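So the protein sequences, as listed, match chains A and B. Under our numbering, the residues of the first sequence are numbered 1 to 500, in order. Under our numbering, the residues of the second sequence are numbered 501 to 652, in order.
None of these hints come from the bench; they were simulated from the model. Incorrect hints may appear among the rest.
Under 10 Å between C-beta atoms, here's a sample of chain B residues computed to sit facing chain A [stated by the list, open to error]:
no., residue
1, Val519
2, Thr521
3, Ile561
4, Ala578
5, Trp620
6, Val627
7, Ala631
8, Leu635
9, Val636
10, Val643
11, Gly644
What follows is a set of in silico ranges between Cβ atoms, one per label pair, in the way DEER data are often shown [said to hold, decoys possible]:
no., chain 1, residue 1, chain 2, residue 2, range
12, B, Ala614, A, Ala475, 53 to 61 Å
13, B, Gly564, A, Val368, 40 to 48 Å
14, B, Arg621, A, Lys99, 42 to 50 Å
15, B, Val558, A, Tyr336, 49 to 57 Å
Computed from a prediction, not measured in an experiment: that's the story for all the values here. Note that the Cβ used here is the ideal one computed from N, Cα and C, for glycine as well.
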Amino acid sequence: MDTFVTGALAAIQPLNLLFCLLGCVVGTLIGVLPGIGPVATISLLLPLVVGLDPLTSIIMIAGIYYGAAYGGSITSILVNIPGEASTVVTCLDGYQMAKQGRGGVALAISAGGSFVAGTIGTAAIALLAEPLMSVALRFGPPEYFALMVLGAVLVSFMARGPFVKSLTMVMFGLFLSLVGQDVITGEVRFTLDVFELTDGIGLVPLAMGLFGISEVLANIEQLRTKPMVIEKVTSLMPSRAELRESAWPIARGSVLGFLLGLLPGGGPTLASFASYFLEHRISRKPEAFGRGALAGVAGPEAANNAAASGSFIPLFVLGLPSNAAMALLLGAFTMYGVIPGPQLLSDSRGLFWGVIVSMYVGNLILLVLNLPLIGIWVRLLRAPYAILFPFILLFMLIGTYAMAKNTFDVYLLVGFGVIGYLLKKADYELAPLILAYVLGNQMETAFRQTLLIGRGSFDFLLSRPISLGILVLTAAVFAASMVAKVRRSRGTLIAHLEDD
Amino acid sequence: MRQLDAEVAGASAFFTLGVLTVLGSKQLGIGTATQPGPGFFSSGIGACMALLSVFSLVSAIRQGTSGRVRVTFPNLPAIAALIMALAGYGLLVERAGFVLTTLAFMLTVQMIAARASPGWRQAVISVAVTATLYLVFQTLLRVGLPAGGWWG
Chain A
1 MDTFVTGALA
11 AIQPLNLLFC
21 LLGCVVGTLI
31 GVLPGIGPVA
41 TISLLLPLVV
51 GLDPLTSIIM
61 IAGIYYGAAY
71 GGSITSILVN
81 IPGEASTVVT
91 CLDGYQMAKQ
101 GRGGVALAIS
111 AGGSFVAGTI
121 GTAAIALLAE
131 PLMSVALRFG
141 PPEYFALMVL
151 GAVLVSFMAR
161 GPFVKSLTMV
171 MFGLFLSLVG
181 QDVITGEVRF
191 TLDVFELTDG
201 IGLVPLAMGL
211 FGISEVLANI
221 EQLRTKPMVI
231 EKVTSLMPSR
241 AELRESAWPI
251 ARGSVLGFLL
261 GLLPGGGPTL
271 ASFASYFLEH
281 RISRKPEAFG
291 RGALAGVAGP
301 EAANNAAASG
311 SFIPLFVLGL
321 PSNAAMALLL
331 GAFTMYGVIP
341 GPQLLSDSRG
351 LFWGVIVSMY
361 VGNLILLVLN
371 LPLIGIWVRL
381 LRAPYAILFP
391 FILLFMLIGT
401 YAMAKNTFDV
411 YLLVGFGVIG
421 YLLKKADYEL
431 APLILAYVLG
441 NQMETAFRQT
451 LLIGRGSFDF
461 LLSRPISLGI
471 LVLTAAVFAA
481 SMVAKVRRSR
491 GTLIAHLEDD
Chain B
501 MRQLDAEVAG
511 ASAFFTLGVL
521 TVLGSKQLGI
531 GTATQPGPGF
541 FSSGIGACMA
551 LLSVFSLVSA
561 IRQGTSGRVR
571 VTFPNLPAIA
581 ALIMALAGYG
591 LLVERAGFVL
601 TTLAFMLTVQ
611 MIAARASPGW
621 RQAVISVAVT
631 ATLYLVFQTL
641 LRVGLPAGGW
651 WG
């Protein structure tokens, strides 16, 4: 209790509040600019926060992470361009609502839902982190490996496209993570004798290329016809009926998002898609989805924020980043010599509680800040796309160059942009790829350690209750996807027979 | 407009990559289950990738041509030009420096968007964007933008 109070008091120090506010504003601003997500923003700002106190620095990074999630929703709703991957699904109904003159309501529900979800998520972290850390102390390489396999399979199962295609993307992501030096033997792998690839493929060019550049390329196809900005944002105040309509989707999205955020491989993107499909499946009016259904905005928006909170748990408890932004946060922790994992609570208790309290403060700041500032964000977005997109491209080009100070990463960025564009066209989901990439190296290490401990036998993996339980769950997800596929095939066959 | 069978093209590409990964892993040394080599894990990844793409291909063939994803590339010249401009930025930024390269990039990209030669308005926008980015990255974030090797 004492350390909680100490952490809470540290979090509400004026300097920390100021940096929390700064992080939220910068995060929202960058989130509003399509194509630049939290990963790019955190990467860019990471060198600047190094000089700060560890708590202040991590509070600011967490603020950027949340802010970018809020900001991404604004562009999704108003211009049909997701600010980042986790708000892709918000475009489907948010943009339709804006076209119907209900953009203000969509934005208000999105902000309110995000705040409720963030509050639930933060409270859940405070309650669950400590007991989960004691469980995490029993985790060894087999459990870590099984958990990462579950994450990869779940992210494929939840993806929009066919399961097999999503699994292919997982394999592609794992392959990309293996390029460079082998952690155990030091052997250089799959670099095609390109020296710059010795350290592996950078997260920033990969993520920005796949999500940012490919998005711009896809938008260029319809540059002349697509309206880019909604001219008028109507009243932000939802009616009583709209509040009632969104209450349950927000509640369901918060719980689902938090739970999916806990999974390695989970996170805001997966949570927002899962929530959308859930709302669509249980809705009494499924035909309204894609045409401006409020539940299609409220659920995913709550889910992505709750998942953003939930994804702090694997990082704090296991030292495992569940997504790219968390991987960067892990980098920030290690820069200060703080190693997240089961020992975090005993070694850096004050820092842990300080970050938790600041997360709640950040959510509050975002709610207070976001609605009154919507006018400014809209004005920013009113710039013609012909001006906006070169600006966005330049941000990505310079951001990538600045990280590595070499042009090779710029070529990688462009290359992955083209690959992302082609994959999207061929209906391959990109989220499983990026998550597999983030987990790849840890997964390989855990796999090889498991084999070494088990003297070449996988029985070891099955003889431990936690890893066995996780693998059974993974098999259940596989079985569920197969059953769904068989049902779909049978339905198609029956339809064909009836036609004949 | 020419259409591409995305299912067949995608599955073939991943099958090839999977097979190449297995072959590359073999060269690295797969090792044994008790002594896994640097190619052990990657060989499994390659094999899975190849196997999954065979599933995709078979499933696409069974579906018939009507159920497959077919893609078209509208506005292909603009997309190709934009990709060239992006790669050109990487090629020139260290040689010509940030300011010149950014100005040229802004003008080119606006030209691609408008499908017309740049006028004074585009020139003003290019200068403004270049100046803003210089202020943000060089002055505010202290990123250290390249000055250009051509000038000394």
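Outcome of the hint check:
| no. | hint | result |
| --- | --- | --- |
| 1 | Val519 | violated, 12 Å |
| 2 | Thr521 | holds, 6 Å |
| 3 | Ile561 | violated, 14 Å |
| 4 | Ala578 | holds, 5 Å |
| 5 | Trp620 | violated, 15 Å |
| 6 | Val627 | violated, 13 Å |
| 7 | Ala631 | violated, 12 Å |
| 8 | Leu635 | violated, 12 Å |
| 9 | Val636 | holds, 9 Å |
| 10 | Val643 | holds, 4 Å |
| 11 | Gly644 | holds, 7 Å |
| 12 | Ala614(B) to Ala475(A): 53 to 61 Å | holds, 55 Å |
| 13 | Gly564(B) to Val368(A): 40 to 48 Å | violated, 56 Å |
| 14 | Arg621(B) to Lys99(A): 42 to 50 Å | violated, 29 Å |
| 15 | Val558(B) to Tyr336(A): 49 to 57 Å | holds, 52 Å |
Going down the numbered hints, you'll see the structure goes against 1, 3, 5, 6, 7, 8, 13, 14, while the others check out.
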